[in-house]
Structure formats: C-alpha cells, structure tokens
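**Student:** Residue-level listing of the chains:
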Amino acid sequence: MTTRREFLVLACGAFATPVEAQLDPNRAALRQAAFQEALRKVTGDAPVNRGRVKLDLPPLIDNGNAVPLSVAVESPMTPADHVKAIYVFTEKNPQPNIIGVHLGPRAGRAHIATRARIADTGTVIAIAQMSDGSFWSDSVPVVVTLSACLEEGLI
Amino acid sequence: MVRVVVNLPAAAKRGEIIEIKTLAAHPMETGFRSTQLGEPIPRDIISLFVCTYNGEEIFRAELHPAIAANPLIAFTTVASESGRIEFKWTGDNGYVATQSAAITVV
Amino acid sequence: MRVVFLALVFFPTVLFAAEIPLAQRRSGYEFMGRETRAMQDDDTTNPGMLWVLDGEALWNRKDGAGGLACAGCHGDARTSMKGVAARYPAFNSKLGRPINLNQRINACRSERQKAAPLAYESRDLLAITAYVTRQSRGVPIEIAIDERTKPFFDAGRDTFNRRQGQLNLACTQCHDDNWGKKLAGSTISQAHPTGYPIYRLEWQGLGSLQRRLRNCFIGVRAEPYPYGAQEFVNLELYLMWRARGMVLETPAVRP
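Just so you know, the sequences run in chain order Y, X and B.
So in our numbering, spot 23 of the first sequence is number 176, and the numbers just go up one at a time.
So in our numbering, spot 41 of the second sequence is number 1424, and the numbers just go up one at a time.
So in our numbering, spot 189 of the third sequence is number 196, and the numbers just go up one at a time.
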C-alpha cells in the first residue's frame, strides 16, 4: 500500500477529504488501461449486461486492507442454465483482478464471499458468465480513506 | 500451527444447499509493497483454491494480490451424497495446504 | 465528516478533562461499519480465530524442561480461564507491581513449565493470550483499584491525561472529548480495550493492546515505550479500569 503511505504527511490531523486520484496522471492512466484490458480478457467483445448480479460491499470502507465483499447472481443453477464463472475487478488497484471463481450447477446458489484489498476510492465491478455465454454485471462505487494512528513512522 | 480452517455442516438432507466457509492463515503479500528503506517485498500469495466433492471439482477460485490477508472464501454446494469434501490451496513459494471434511447426507 | 482542529493553546501539561459518563461508554465495535462488525461476530469468518485455534493447540502442548502443558495444571481452559482476562492487569505480589496477561503467561512458562518466555508480539504469545482471553468473551471487565495498585493506576491515568509528542496531544483529548468525530478517515473511538488481542485490519494480523498503544504514540509523534514497559502496563491498568463493566469481545476485529 505504498500509495497511501506516500500521502500520509501527518498521521493525525490530516484533512478528512476522501483520497482521490492521488497518483500521477500516467500511473492513473496505466491502471485504467489495465482495468479495461482485464475486463476485455474475460468478456472479449461480448456485450456485458447490467443486472442479475448483486455485488455487495460497504460504500464507505473502514480499512482498505480487508473489505468484505460478496457476489450473488440470480440463476436457477441447473445444468441447462447456470453461472459458469464470477469475476471481480477494481479500477484503482496496482493490478485490477480481485478474484475469478469457477462454479457450476453443483453450487446450488451462485453466491460467493471473500475479503478484498481496495487501494483507492473508485469502482468495484463483478461480472458473471452464464452457461449460455452471456455476461452480466454489477458495479459499486466505494470510498477509501486513510486511517489514523498507524505503525510506521515517517523516515 | 493452524494453516486452514473450514466450516460446513457435518450432516445435511439430500438436495439441501449448504454453506462452506474457509479461512487460510496467509499474509498474501502483494508484491507491491516496499520496506521503509525502499526494498521491494516479493509477492507471496495463495493463487488457487480448489474444492472437490467425492473427487469431482465443485468450486475453483483464482486469487490475486487484491485478496486480503488470511483469505476468506465462502461458497455453497448442494449436499448430493455422503462422502468427503476436499479443499486445496496452492500458491507462491511452493505453498500447499489441504483440508478435508466428511459429510453425511440423509 | 467533521474535521477535528485541535487548538494549540497553552494548557497545563496534565489535563483533567471530563471522563466519559459510565452510561455513555461504547465499545469500539459500535464505531465500525456493519460489514466489519459482521466479520467479528461470525467465528467462522473472524480471522482472529486462526490465532485462537493456534492458542488452543499451544495450550495443550507440553513444553519446557518439565514437559508440562498449560492444560497440565489448568485443565480445560473453557472453565479454568473463564473470567481471568477480565481481571488483568492484576497485581503480582512477587514482583510488587501489576502485570498484564502476556506477562502472567510468561511468568507461568518460566516458573512452572521451566520454559523460555515467549517474545512480545510473537505469534505464539499472541495465540495463547488470544485463546485465554477468548474464554472471557462476554465477561464484564472487573478491575478494582486498591492501595497496592493505586500508585500504578495514578501513573497510568497521568499518562492518559498528559500532552505528549510533537503534536502535543493527550489521549483524553481525542478519546474523552472528541470520540465519535472523524480523524482523517477514521471515527475516533473511546479507546476501551474490550477486544484485545485484536485483529486489526490495518495490521492485517492479530496484535496486542501494547502494539495498538505504540501506534497511538507514533500517531501523536511521541517516542513509544518498548514492549513490556511498566508505563504501558500502568496505562493498560487505567484503560481497563476505565472500561470496567464493559464486556470483553476477544478476538475483536478493528479497522
């Protein structure tokens, strides 16, 4: 999490504005490009529909080191009609992938939960791939702020 | 030392959807951090989690550095028959952890 | 979010700001988001439980020259250790001063098990402490100050009320006067040690109250005491007294 530390001038008494685009424009642009590329690698040129997917994570994050997130997809989960895969990405991390899950009708329900690291305020997106090849998605904007009273002194 | 913990019911009715929750003790070092002296800390993560039910794969997850330390992976499966549910985590630096749970399906 | 601007007016160095009325005391749990609270509430997903399970194994492991496990004397921790952590730091007659639970565990190791003490903040010491304290989950903190502990308690209270560090802040200014308001991105808690050792998301691991206190000292840019310092134990004693009657939540999850 070097980015957050670079901007920790005072451990306490720092201004309480949400941390936005603190990266230099080149790095921010590279991360955006990597994010788009990661999405494209999964979906190809196929259209990604919004809906059927519910991505759940706190809009205001207590600590970017461990953000509980869950994805639930509406699907009968039958052999004929089920969720094949669920991918979660975030746009401002050093690399955009969070998790890629492969499941099938034996799951009973398309519902997964984990905890992610979110480096900066931005969008988290979950994409579900159905057995018929279609893609569905949900996205959530999250706000990540700096914590106070940390361990690292500043050299 | 406890390396992994799995939680799921020991018994279930046939066709019932059961919840499986797993925790692994692992720092999930991203590879993007440096020490205070500027030396990069190398990546060390769990990268793959596979769950099989009586030998057949029912769930697979590819983990990336953006998964938080001590990863939680929670999912579901249909209790189809009695037997064993096996879990395997693999990652950098030859990390391998396994766990297995018996399930009775009535 | 309200930004806290603390005026640098000349006050006497030791402040006696109003203590939080007993009925208004709230655990740090209540200052966290819903999802973080859920992480703490569910033992199957609480990452602190990894250390508690380790601690259980260590409790039963024979150690030291005598080949004795904690269980050898104390039996089942679920009964023998219930309520113990809620009474620490406690006065130790042999040493003539209060000691915290870590120090008590190490004293047992060296005196009874004839085993080397465990290093502060080591995984093993954290694991055993977490396991022992877990047995007091739901038990109200019970610290009473008597004539033996009063001098140490007073020293701890002075530390809490004294301005220190480059930022010249006293613990009481944030945690008694401004709890509930924001400091950078965090909500200021009342600083009650109801869940230690905690899984702190910032640390991505489990740590002790002294580790958290060191973070506080660094936060106000003051030199932190070393682990095990009596100043810290005195401060722990004061903090536990300040939280008397509140229940333990170990292993808590905190941002």
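Some hints here could point you the wrong way.
For each label pair, taking beta carbons as the anchor points, the in silico distance ranges come out as [as the list claims (entries may be wrong)]:
| # | chain 1 | residue 1 | chain 2 | residue 2 | range |
| --- | --- | --- | --- | --- | --- |
| 1 | B | E37 | X | P1392 | 51 to 61 Å |
| 2 | B | R94 | Y | P229 | 14 to 24 Å |
| 3 | B | E37 | X | I1424 | 27 to 37 Å |
| 4 | B | K121 | Y | D177 | 21 to 31 Å |
| 5 | X | T1473 | Y | A182 | 52 to 62 Å |
| 6 | X | I1424 | B | E230 | 35 to 45 Å |
| 7 | X | L1431 | Y | S287 | 18 to 28 Å |
Since the hints were made in silico from the structure, they are not lab data.
Using N, Cα and C, we set each Cβ at its ideal position, and we do this for glycine too.
**Student:** Work down the list of hints and note, for each, if the structure agrees.
**Tutor:** Okay, the hints, checked on the actual structure:
The given range of 51 to 61 Å is broken by E37 (chain B) and P1392 (chain X), whose C-beta atoms sit roughly 32 Å from each other. A C-beta distance of roughly 56 Å is found between R94 (chain B) and P229 (chain Y), which places it outside the suggested range of 14 to 24 Å. In this structure the supplied range 27 to 37 Å holds for E37 (chain B) paired with I1424 (chain X), their Cβ-Cβ distance being about 35 Å. Checking the proposed 21 to 31 Å range against K121 (chain B) and D177 (chain Y) shows it is violated: the Cβ atoms sit about 59 Å from each other.
Restraint check, T1473 (chain X) to A182 (chain Y): a C-beta distance of roughly 34 Å breaks the suggested window 52 to 62 Å. Distance hint for I1424 (chain X) and E230 (chain B): a CB-CB separation of about 26 Å, inconsistent with the stated range 35 to 45 Å. Between L1431 (chain X) and S287 (chain Y) the Cβ separation comes to about 26 Å, which falls inside the hinted range of 18 to 28 Å.
Hint compliance for this structure: hints 1, 2, 4, 5 and 6 are broken, all remaining hints hold.
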